[in-house]
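Since chain R is already given, all that's left is putting chain U on it; use the hints.
Here the protein sequences come in this chain order: R and U. The numbering used here applies: residue 1 is where the first sequence begins, and numbers increase by one. The numbering used here applies: residue 1 is where the second sequence begins, and numbers increase by one.
Check each hint, because a few of them may be wrong.
Stated by the list, open to error - Here's a subset of chain R near chain U, in silico, CB distances under 8 Å, partners left out: (1) I8; (2) H30; (3) H31; (4) W32; (5) V36; (6) T38; (7) E40; (8) L43; (9) Q44; (10) I45; (11) A47; (12) M48; (13) V52.
It should be emphasised that the hints constitute simulated quantities derived from the structure, not laboratory data. Where a beta carbon is used, it is the ideal one built from N, C-alpha and C, also for glycine.
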Amino acid sequence: MKRICCLITMITAALACPAWAHDETEELGHHWADAVYTHEIRLQIVAMAVAVFVLLLGSMIVRRLKSGRTTQ
Amino acid sequence: MTKIWTIAKMSLLENSRKQVFHVLCLLMLTVIAGSVLLSIFTDGTKLKILKDLCMTCILFGGAVLAIALGSTGIPNDVEQRTLYPIIARPVGRAQYVVGKFLGTLLTVSMGVLVMATVFGVLVYSFQHGFDKFLPLATLFALMEVAVIAALATAISTIATPAVSAVVTFLVYICGTIKIGYFGGLIEQATSGAAKAVYSVVYHALPNLECFNLKTALVHSDKVPIAYLVQVALYGLCYAAFVLFLGSLNFARKEV
Numbered sequence: 001m002k003r004i005c006c007l008i009t010m011i012t013a014a015l016a017c018p019a020w021a022h023d024e025t026e027e028l029g030h031h032w033a034d035a036v037y038t039h040e041i042r043l044q045i046v047a048m049a050v051a052v053f054v055l056l057l058g059s060m061i062v063r064r065l066k067s068g069r070t071t072q
Numbered sequence: 001m002t003k004i005w006t007i008a009k010m011s012l013l014e015n016s017r018k019q020v021f022h023v024l025c026l027l028m029l030t031v032i033a034g035s036v037l038l039s040i041f042t043d044g045t046k047l048k049i050l051k052d053l054c055m056t057c058i059l060f061g062g063a064v065l066a067i068a069l070g071s072t073g074i075p076n077d078v079e080q081r082t083l084y085p086i087i088a089r090p091v092g093r094a095q096y097v098v099g100k101f102l103g104t105l106l107t108v109s110m111g112v113l114v115m116a117t118v119f120g121v122l123v124y125s126f127q128h129g130f131d132k133f134l135p136l137a138t139l140f141a142l143m144e145v146a147v148i149a150a151l152a153t154a155i156s157t158i159a160t161p162a163v164s165a166v167v168t169f170l171v172y173i174c175g176t177i178k179i180g181y182f183g184g185l186i187e188q189a190t191s192g193a194a195k196a197v198y199s200v201v202y203h204a205l206p207n208l209e210c211f212n213l214k215t216a217l218v219h220s221d222k223v224p225i226a227y228l229v230q231v232a233l234y235g236l237c238y239a240a241f242v243l244f245l246g247s248l249n250f251a252r253k254e255v
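Excised from the complex, chain U in its bound form:
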């Protein structure tokens, strides 16, 4: 555990110095802060649009950060040869992959927490009270980030940074519209082979939509606790499973 934590800290330091992290965080913070300029709407509508826009920024910004940082960590270490002194020590390959993932997750969490804090302050100033559902919605956004970071880290063990970023982005898009779009495609498919292919892709894709609690936050809807527990468990299982596959592949890889 100490070895994983050391690698995670190293990765956190490395990631927090990257330009992409600063630029994306600043961009998302600008959009969040700029959402107060929507003064043409009435107060109730303004608050709903503010929550919608800020939550979208947190979800999308977190996902893009996880893709950008997760897909470059391991390939950069291999390219710059900083990986060799690490694996020369008694550190398992799986520990290295998990450490890299944790480093990425911690870095993105820092950015997401800053965005969520600004968002919380804005909501407080508009509705003169704290939204109790906001921390929960942010926590589930972080779980989505964890799944995407795990995917990016696992894919980066077999592909170059550019390819792994594109593939993870495609998985992110498809995972976000999985049940609404791919579910319909399976029903519409006429041939058996097409149906089988769609089914395999459908069940392999992560169900990222379930981490999105934006609608519940905007409309102050109640979400069943049993459902939230299931989603949290699912997020943990999916991230762990993807990291397990990534570690298996990286353990056999010649570097």
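Pulled out of the complex, with its shape left as it was, chain R reads as follows:
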């Protein structure tokens, strides 16, 4: 199992090499100047907040339903 996992890791790392070596290397790394990064950060923070809210609300509803059944 460990050998298979190591093999998969090595193959994936090798396959990912061309992705790192893409064009426009001058601009690579200056992510603070790229609006896509800022937009993605904000979007993910909002998505995480929504997911936590939905999970908490869902668990609250399930608890209320369960407690309602036990009192009946």
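Using the frame of chain R, we list chain U on its own:
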């Protein structure tokens, strides 16, 4: 909070005794110390290559350490049955998961701080002055480590150590090339289903590239403070969110 801190201290002790921690730290320190041997370049270029190489070592070494230590902590406790006396006490499962994460983070931070100190000394000897941006770049490298450690800890609650290490490593690679590579894939996708799948994967992956301030350090670029604050907030939120999901899963798990 005391319970979390106790578990974190235990985890720190356990992790700092592991061979993988010593071997990786020594390997990265050797590469950092060996980077002074690049004597074929002129002084300015040498300093840039030194900063580039050392920062890459800190980022990559920290990530690999976080994966190796984070993905083995909880499964090892379950396998060696050291988890039972802990959960028999009034300790919540979420507190246990957070404690384990903090232990991993503290251990990796120790290694990263040693690497950063050696790096700082080398930079001082080359440019005869302290680089003020170096502590900030190291702090953001530690934030990346925190996100990876949280991912490894959360994944280790559902998988074996080997599987969780591989999955976290894959997420680390994909998260590092997320916007440069996956962004292009979404644009190139022709079918709607493929575009939807790529979009879900793209938005779920952590944006690890934004913690990498290597280019700013090498070229002495200025990074807007507002951007740094956003990235720091994002790192905290992502790590907390992943730990929340891991704790939810671990709370329901039969051990």
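Each hint tested on the structure:
1. I8: 6 Å, holds
2. H30: 6 Å, holds
3. H31: 6 Å, holds
4. W32: 5 Å, holds
5. V36: At about 6 Å, which falls below the 8 Å cut-off, the nearest Cβ of chain U leaves the hint on V36(R) intact, so it holds.
6. T38: With Cβ-Cβ at 7 Å, under 8 Å, it holds.
7. E40: 6 Å, holds
8. L43: 7 Å, holds
9. Q44: 7 Å, holds
10. I45: 5 Å, holds
11. A47: 7 Å, holds
12. M48: Holds - the Cβ of M48(R) comes within 8 Å of chain U, reaching about 4 Å at its closest.
13. V52: Cβ of V52(R) sits 7 Å from chain U, so the hint holds.
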